[in-house]
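**Student:** Please model the complete structure; the sequences and the hints are all you need to start from.
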Amino acid sequence: MELTSDLKDMEKGKYGEGAALALKVQIGIGECFDAPRMVPITNAHVALSNQEMDLWFAEKMVKLGAKTKIPPTVNPGFCLPYFSAKNMVTSEEADHMKRTHEAYRALGCRLTYNCTPYMDTNVPFPNEIVAFSESSATPFVNSVWGARSNRESAQSALCAAITGVVPEYGLLLDENRKGNILVKVEAEMKSDFSYNLLGYMGRKIGPGIPVFVGLGSYLSPEAHRNLGAELNTSGAYAMYHVVGVTPEAPTLEAAFGGREPERTVTITEEDLARVLETEISDPGNRDIDFALFGCPHTSIREVRYMAERLQGKKLAVPFWVMTSSLTKSSAEKMGLLKIIQDAGGDLVEDTCSDQPCWHLYKGRVGVTESPKCAYYPRKRGLEFVIRDLDTCIDAALKGRVK
Amino acid sequence: MSGKVFSCHKISEGVGEGEVIISRDEIMFYLVRPETGEVLEKAHDIEGKSVAKKAIVFPGGKGSSVVQSDGLFQLMLQHNQPAAMIIQYPETVLVAGAIIMEIPMVDKVDPEFYKVVKNGDRVKVDANAGTITILN
Chain C
1 MELTSDLKDM EKGKYGEGAA LALKVQIGIG ECFDAPRMVP ITNAHVALSN QEMDLWFAEK
61 MVKLGAKTKI PPTVNPGFCL PYFSAKNMVT SEEADHMKRT HEAYRALGCR LTYNCTPYMD
121 TNVPFPNEIV AFSESSATPF VNSVWGARSN RESAQSALCA AITGVVPEYG LLLDENRKGN
181 ILVKVEAEMK SDFSYNLLGY MGRKIGPGIP VFVGLGSYLS PEAHRNLGAE LNTSGAYAMY
241 HVVGVTPEAP TLEAAFGGRE PERTVTITEE DLARVLETEI SDPGNRDIDF ALFGCPHTSI
301 REVRYMAERL QGKKLAVPFW VMTSSLTKSS AEKMGLLKII QDAGGDLVED TCSDQPCWHL
361 YKGRVGVTES PKCAYYPRKR GLEFVIRDLD TCIDAALKGR VK
Chain V
1 MSGKVFSCHK ISEGVGEGEV IISRDEIMFY LVRPETGEVL EKAHDIEGKS VAKKAIVFPG
61 GKGSSVVQSD GLFQLMLQHN QPAAMIIQYP ETVLVAGAII MEIPMVDKVD PEFYKVVKNG
121 DRVKVDANAG TITILN
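Chains C and V supply the protein sequences, listed in that same order.
For the first sequence, this note's numbering assigns the number 1 to the initial residue and increments by one for each residue that follows.
For the second sequence, this note's numbering assigns the number 1 to the initial residue and increments by one for each residue that follows.
I should point out that these hints are in silico values taken from the structure, not numbers from a laboratory.
Ideal Cβ placement from N, Cα and C applies to all residues, glycine included.
Result set (DSBU-like, lysine-lysine): computed pairs, CA atoms no more than 30 Å apart in a straight line:
(1) C:Lys8 to C:Lys63
(2) C:Lys67 to C:Lys8
(3) V:Lys42 to C:Lys204
(4) V:Lys53 to C:Lys379
(5) V:Lys42 to C:Lys190
(6) C:Lys184 to V:Lys42
Away from chain C, derived, C-beta distances all over 10 Å, residues of chain V:
(7) Val5
(8) Ser7
(9) Val15
(10) Gly18
(11) Glu19
(12) Lys53
(13) His79
(14) Asp110
(15) Pro111
(16) Tyr114
(17) Lys115
(18) Gly130
(19) Thr133
(20) Leu135
**Tutor:** Here it is, written out as structure tokens:
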């Protein structure tokens with residue numbers, strides 16, 4: 001790989017050992033994909049996770065004197081003051097989160113603790129070269145905003161934020177942004193929830209860049225969020241096109257760059273029903289212990305809808321809504337937070353579903369509308385029935401799900 | 001097939017030797033039990049089987065950009081990380097994890113390899129030299 005003289009200096013340690021290590025990792029990635037050079041980035045999002053690997057790598061970078069050149073937004077761990085006050089985490093778990101917080105603060109990151117930065121806090125321009133990790137974030141910035149990011153890992157995005165560059169390969173180049181799989185959707189997209197199930201079709205769609213047809217002329221931000229999050233739970237997708245909707249797919253021909261699709265996949269109503277019933281959801285018709293929303297983080301529009309449904313009612317089970325601190329603050333000013341709290345629920349900022357703060361629900365069954373929310377915390381022993389938002393709210397009011 | 005050598009392309013440097021396990025599905029290492037290497041994901045091609053210390057032949061990684069690396073890291077803490085990874089579709093998340101955790105990983109393997117390799121074979125993956133040798 002050809003490096004500028006400045007990057008050669010970085011490689012030799014002129015900017016510290018941390019920057020040198022970050023660049024070494026990126027050179028390794030670049031060589032894997034035959035990247036000829038490094039190019040500058042102007043924004044980044046790091047999928048902080050507060051997992052052991054995450055803390056190990058972040059602290060290692062701090063010890064090596066690294067500082068981010070491009071201050072990245074970061075993902076949630078759990079909200080330390082909130083869960084400590086409620087006695088929901090052990091002192092070891094609290095200490096771990098505190099160390100994660102300190103490490104990312106020392107690296108100079110923007111401590112937004114939110115997994116949907118593309119909604120408001122970190123929105124790139126079209127064609128802007130960025131380094132975004134996080135399941136739904138990478139496809140959103142590529143597909144919806146027309147920015148350019150490869151599917152960075154939490155660590156490679158942090159390396160990019162430190163060095164200020166990324167290897168030039170993959171989705172940074174025009175020719176690699178064209179679709180190769182035609183996905184004909186015959187199933188009816190009834191709500192944003194339908195996009196959770198459509199996204200979970202990764203195994204049927206197969207590797208590549210899907211081009212969706214049959215989705216109409218408008219997808220809400222939440223539909224795009226859900227589609228990207230679940231595509232990256234059932235598979236690995238950095239980008240997709242929706243013909244007539246996303247900016248690089250005004251027509252079918254443009255989406256494929258004039259080439260023929262390598263394969264064509266049809267998604268039917270039965271496909272969506274089968275994956276829900278046999279692969280991802282626990283069986284319904286049962287009592288539930290809790291409801292958990294916000295994987296990825298709930299939008300203000302969804303918070304308002306929940307508040308409207310819960311106004312003047314009492315919930316039968318705990319009702320947790322994970323969201324950004326910005327959305328929680330807006331919801332408070334809008335009077336929505338009080339409505340949800342009066343019903344017995346709460347909005348929780350800075351928090352992810354795959355964190356130790358939820359261990360009181362180990363072996364219990366919750367409802368959620370997100371397959372991703374059910375997938376990862378399975379390792380922690382949480383079980384979920386997956387349903388659309390209205391059915392989940394009804395279930396939380398009754399304590400029983402259909 | 002003993003001693004037969006196949007060409008491949010280095011992704012993450014190093015040399016690893018182990019028993020082959022083949023997965024038709026992509027792998028998310030977070031849904032693997034660190035203590036045993038057992039794949040926990042429901043309806044996965046190798047659900048219930050162990051990837052610990054194995055040379056895994058699989059399409060590539062999938063899932064979260066966050067916890068894929070943590071899955072590998074947890075396996076490493078238990079000394080149960082894969083001996084080597086032989087993939088077809090590199091994506092940055094798994095590639096970065098392999099490089100940071102120094103697990104040998106290769107792609108672009110001689111297509112002949114896929115015709116002869118089977119579960120239980122013993123292989124040596126030399127990413128630096130760009131070779132895979134079937135030892136049994």
